[in-house]
Amino acid sequence: MIIETTGLRKSFSSRAGREKKTVEAVRGVDLKVAEGEIFGFLGPNGAGKTTTLRMLATLITPDGGDATIAGVNLRKQPGDVRKVIGYVAQGGSTWDDSTAREELVLHARMYGISKTEAHKRASAALEAFELAEYANRKCKTYSGGQRRRVDIALGIIHQPKVVFLDEPTTGLDPQSRAHMWEEVRKLREMGMTVFLTTHYLDEADALCDRLAIMDHGQIVAEGTPAELKQEVLGDVVQVALPQNVAAAAEVFDSAEYVKKLETTDESIRLYVEDGASVIPQVLRTLDANGIKLTSVELHRPSLDDVFLAKTGRSLRES
Amino acid sequence: MKFLRDTWLVFQRQMLLLLRNPVWVVVGITQPLFYLLLFAPLMKKALGQGAELTDAQAYLIFVPGMLVMVALFTAFSGFGLIAELRAGVIERNRVTPVSRVALMLGRCLRDVVSLLFQAVLVTVLAVLFGMRVQLGNALLAYLLIALMALLLSSLGYALGLALKSEDALAPMLNTFIQPIMLLSGILLPMTLAPAWLQRVADFNPFSWAVKGVRELFAGNPGSPDVWKALVILVPLTVFTLVISSRAFAKSVR
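Chains A and B supply the protein sequences, listed in that same order.
As numbered in numbering that gives the first Met the number 0, the first sequence has no gaps in its residue numbers, which increase by one up to the final residue, 317.
As numbered in numbering that gives the first Met the number 0, the second sequence has no gaps in its residue numbers, which increase by one up to the final residue, 252.
Here chain A stands alone, though its shape is the one from the complex (with noise of 0.2 Å):
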C-alpha cells in the first residue's frame, strides 16, 4: 500500500460572534491506497475530502491518528513526505505575471533539482501537457483548462510516487474536462499514484479505480465504483402493466433471481443482480403466465445511488 491512514482526525474552532464553535472536519479516516491506482474521494462540499488531503500533503498537521505515504510517517518526517508527494490545489497555484516556463524551472529548482536540469524537465512537460505555445506567455493571459494544465505539469515535474488533485476539473468547461480526464490517466500510466477529490459523479464513476465516499468528515463506503453500485441491491427491472399487476407480483415473488419487489399501481419493480441478463427471463415469464405487458425499463444503480443509500440523503441535493 503506497498509502495507509489510521484515524486521521482534524478539527477547526471557529468564532461566531462570542461563540466559539469547533468544526470537526476529518473524523477518524483508515484508508488504503494501492500503488498505481486512481483513488477518489467523493462527496458534497464541506464532507472534509480537502481537509485529508492537505492534511496528507503536509499542508495542515493531524490533531490524530497517524498515515505513510510511500513508506514514510506523515507525523515523523514530514520533510520526506513532501519529496515523494505531488499536490494540485483547488484554487490555482500561478501568479499572473509569471510565464508557464518560469513557474515550471523554479518550481523544480526547489525539490533541489540543478538549473539544467528544472530546465530540461519544464520544456519535456510543457510539450507533454500541450503548453509549448503559449510557455513564454504570462499565466494571466492562459484560459481556465490551459491554467489548471500549469497547475497539474507544476504538481509532477518532481515525478513524486504520489500526486493529490484536489477537485482537479471544477470550474472546467466539458471538453477540457474531458481532456483532464485523459491527463490524469496519462499520470497513472506514468506509474505515478493518482489521489483526487471530486463532487462530480459521472467523474468519480468513469476516472477512479477505487472510491472512498465520504461525508461529514468520515468514510462511508469504499470500493471500486461496480462494487460499490452492486452494493445497493443491484439493477432494476421495472415492468409496466396494463393490468394484473397482483398477479404479476405473485409470480415474480418465488423467482429466485429476485432480491427485492416493489410494486406500484401500474408496474412491478424487480430488484436483481444482473438486469440485462434477467430481462428475456422476464419477458419469457410474463408470457407463459399469459400476463401482457407495457414496457420494460432497465435502471442501472449510480453512485448517486450509493451516496443516497449510505447517507439517507441525495449527492445532487447536498
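Simulated from the structure, these hints should not be mistaken for laboratory data.
Quick caveat, the model's predicted, so the values are computed rather than measured.
Please note that a few of the clues may not be correct.
[As the list claims (entries may be wrong)] List time: in silico DSSO-like cross-link candidates among lysine-lysine, alpha-carbon distance up to 30 Å:
hint, chain 1, residue 1, chain 2, residue 2
1, B, 163, A, 139
2, A, 228, A, 185
3, B, 1, A, 82
4, B, 1, A, 137
5, A, 160, A, 75
6, A, 139, A, 185
7, A, 31, A, 309
8, B, 249, A, 20
9, A, 160, B, 43
10, B, 227, A, 160
11, A, 19, B, 43
12, A, 20, A, 82
13, A, 82, B, 249
14, A, 31, B, 249
15, A, 75, B, 249
16, B, 227, A, 19
17, B, 43, A, 82
18, A, 114, B, 1
19, B, 249, A, 114
20, A, 75, B, 163
21, A, 137, A, 119
22, A, 119, B, 44
23, A, 31, A, 119
24, A, 137, A, 114
25, B, 163, A, 137
26, B, 249, B, 43
27, A, 20, B, 163
28, A, 75, B, 44
29, A, 119, A, 139
Using the hints, position chain B against chain A.
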C-alpha cells in the same frame, strides 16, 4: 548549502517580477521626493534659529529622515504576500521541501534591494542640490536602513500571513506606522520636542535609527548614536525574522 540556495532562488524570482513591473519602486520614491523638494526648503529658516541654513545643511538633517521614511514603507510588504497567498503560490511552495526561512528571507532581501535603490536615488538627488556626505558614512547609513527594511518587511510578511486580508492589514499598518513615524523625528529632529515627548520617543527604535543616520550624514561615525542604533536594530531584526519564518513554517489553514 540548501538554505542559501533556496533563499537565492526565492530572491531571484522576486527580483525578476519586481523588474518586470518596476512601477512600485517609482511610486515608493515619489513621496520622499515631494518632501525633499517642497518641504525641506522650509527647514532652512525653521531649523536655523534666527540664521538661515544653507540648502546643504538643511538636507543633511532632512535626507536621513527621508531614508528612514522610505524604509518604514517596507512594512507594507504584507500586501504583495496576501496576493500571492490568494493565487496559491505560497501553498504550492509550502508543499515542496524548500526552506521555510528562505521563502521569507528571499522576499525580504528583494525589499531590501529595492529600498537601497530608492535610498541611493534620494541621496544622489540631494547631492545634486549641494549636500555632501562621505561615502563610508553613507554606506554605514545604508546598512542601518537595510536592517530596518529587513525588520519591517519580515514583520509585514508575518502580519500578512496572520491576517490574510488587505482589509484587515491596511488599518492595522496605518495605526502603527503613523505614531512610529511621528515619534521618530523624521521630519523634524526630536531635539525640538518637549521633554516628555522625547521620553516617549526613546521607546521607539526608529527614533534611535534616525539619530544614528543623522550623525552619519553629519560626518560623526564615532557618535554613540550610531552604535546605539545598531545595538537596538540588530536583535530586533533577528527577532522579527524568527517570528516571520515561524509563520511561514506553521500550517496555514
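(Q) To test your reading of the hints: which numbers does this structure violate? (A) Those not satisfied are hints 9, 10, 11, 12, 16, 17, 22, 23, 26, 28.
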